[in-house]
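Can you join these two chains into the complex? Each is in its own frame, and there are hints to help.
Now for the letters of each chain:
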Amino acid sequence: MKRLFLLLLSLGLFGAGQAQIESAELTASGLTCSLCSRAIAEELKELPFIEKVTVNLAASGFNLAFKQGQEVDLDAIAQAVEDAGFAVSELYITAQVAERPVTVRNNTHVPFGTGQLHFMEVEQTSLEGTVRLRLLDEQFVPKKEFKQRQKETNYECYTTGHMGQGMQRHRVYHVTLASR
Amino acid sequence: MRPVLAVLAVVLGLSSLAYSQELYPLSKPASNMPSGSLSYILNTKVLAGEGAPAYRFQPELAYGVGKLFMLHGTLFFSDVNASDQRFEGGSLFGQVRFLSQDAVHEHFRMAAYGRFSATNKPLQGPRVNLLGEHSGLELGVVATKLVNKFAVAGRVSYVQLADFRQGLGFVSAHAWQYNLSLGLLLLPKTYETFEETNLNVYVEFIGGALELAYAPTDETLRGGIPAGSYLDIAPSVQLIFNSQTRLSLAYRTPIAGNQAALAQHTVVLILNHLVFGAFR
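For the record, the sequence lines run as chains A and B. At position 143 of the first sequence (counting the first as 1) the number is 143 in the numbering used here, and the numbers step up by one without a gap. At position 33 of the second sequence (counting the first as 1) the number is 33 in the numbering used here, and the numbers step up by one without a gap.
This is chain B alone, in the form it adopts within the complex (with noise of 0.2 Å):
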């Protein structure tokens, strides 16, 4: 839990510092999409390590169902531990912007998240991982705080894991996992159009941590994730075209923990194209 408090006092100092960018490639802040607008994210990781490297394509599509209220399902793919690409699952996500404040090129805002993963594979891993890996469910808030071209999000959340894949279900195992995420719109200086092409630079600290390993009771079962805790940076740079289209390119490590990453160099791919009013 110490990392979870140190990241948190993190967040609420640099909230008051105050000072755009809130779209993070690899995380969600407390601002929800347009209502009745709808995303279409097309998500490719490229896991290289030892060995050659595994590919992870995950198709996602978003709703904004109300001003307060947006919905973002997902599928999974990938090669890992496996010789083709084949089908491993999908989560649902849901997240309720519960405060706002704002004011004129600033916000404070807070919302509440669930996360519903459930995927063909078995609870095992050296991490717990609900985007790809593992079945559970996630509860979380997240707090961002936008001033002018900066933005910062701080999120926490509690995981419980499941094991589907094996007739498990819930098992008894939880998780801790918590970012940190910076953002800042670099060009342009000044906008005039909404055509001229955004410039965006960001750097997400991940984390995470499981306090007591876990491991299946029935020893004929396949499963166990050791106890520890991970801390990746990721660093990304992000084109928004047209106001509407973000291209966004990730680099994510290990930087600290004892849990250490499926592979340890992953880079991430994300196009992400919104349609205003999808259902007029």
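Excised from the complex, chain A in its bound form (with noise of 0.2 Å):
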């Protein structure tokens, strides 16, 4: 039972996976008009946690501010940019990882809400409070970026984004350090 219990602390289940994501930042590719930009932008506000979308045209980047205390679900902002009919090719989060400070190494899982991030393409480090991230999951890159790095890797959980059977099943983000 104990077990049991630390396996699921460790799977941040029971909240120990602190996962305040502040704001983030994509880009969308597929797009020059804004007409286009604009279908986006009106998919992204019909998002429950979604406090402001801020559009930047030129550049089809969308700043996205969320509503305090709601639980950011990312593969909603992906699949709501799919939806307006294109991608994203960039996700940036700002996220409070930890409370206390926590070891980063490469290849590594950090508890996250109630699932985990894989930390990629890192330098061992310790993280403390807001950190800016990179997502590198299949609906966060290019098609090409996500081949690429499918072949470059050993890990199953980037193809499938999840760990764990039944119950137990959860996703884990793969995501870089990316500078402020």
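Hints were generated in silico from the structure; no laboratory data involved. Incorrect hints may appear among the rest.
What the hints assert, rightly or not - Taking lysine to any residue pairs in the SDA-like style, the calculated list, with each CA pair at most 25 Å apart, reads:
#1 Lys-144(A) - Thr-197(B)
#2 Lys-151(A) - Glu-90(A)
#3 Lys-45(A) - Thr-197(B)
#4 Lys-45(A) - Phe-77(B)
Quick look at the structure:
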């Protein structure tokens, strides 16, 4: 029982993983015109956890502010862009990863909300407070980049985006540290 | 078939050059409407040649069923060969996007589409036209390349003709249709807000071919389309207001081929209003 408790704790199911995403910046691909950008903005505004969408039309960039205390669903953000008819080519988030310092190594998992973060292309470092991360999963990078990374990594979770079975199955977001 | 190959070669050539805009007034690009969005389209055509001009009025409703699939339904009204405007039929169009290669300010996309048109007119005239004149089923593919402010699209389709007016159903006549559409975003030079009015200019080349002439087997029936081909040119300008409403003005005239048009000059005015997330 104690083991199970520890396991669940490590998976963040007891809220051990801090996951306060403060903001996000995304770049969409496949469009130039403002009608297309507006279609994306309208889809994003419909997500229940989004407070505000600020658009940089010339760069196909969208800055997202989130509602306080609401869980942010990054997959729903990608889905919204795809529903508008386009794709995400870059997604950066600014998030509280840990209240206490946490050591991050390449290809290690860190609890994050109800799921985990899998750090890629990082040197061993200690993280605390708010960090800026780039998402590397399939729906957040260009298809080519995903295929390239898939070839280079031995970790199956990069392809599936998930770990565990049954009730313990949870989302693993693949990220790398980004400069501010 | 030779003009089809020529257009394909030009499309492939241009797409490798790589240079917005793909909201062509007279044809559809491989990109679909946003999922869940609804478009109201009012399309008015003025056919001017010898004699008094004729008018076609074609209201259309379009819906983005999913991110990869859209449906258009059109009603046909006209006073072509008639003394007053009358209801003449309708058309159902569906398109599935099956290839998307997206990059920032760039894409190459392909889609397959089908159109079914039914009119209360016999299968006759100088050339095949599923947008108001004739009944039939059209199946085609379209490819679009967008790079920054330039977009080029090529389309090829096969048309199986029908005559529902005289109860013949699908008949032994088929045609090919193709087009090459080019578009350029002129204004604004740099985007800042959704409210800025956009100005796009387009030129479309629209062609078709009927290899074997059509005549009804029963001599007591009306109908007949001569074999041959046509190629029209259609330059157009388009304003987009509030990133939501498009107003397009096009002029279309034949430039090659032996199949005449119903009218030497056609002016088309189209108002297209997009409602995002119409049913949420």
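Checked hints:
no. : hint                    : result
1   : Lys-144(A) - Thr-197(B) : 35 Å, violated
2   : Lys-151(A) - Glu-90(A)  : 20 Å, holds
3   : Lys-45(A) - Thr-197(B)  : 23 Å, holds
4   : Lys-45(A) - Phe-77(B)   : 39 Å, violated
The earlier numbered hints that this structure contradicts are 1 and 4.
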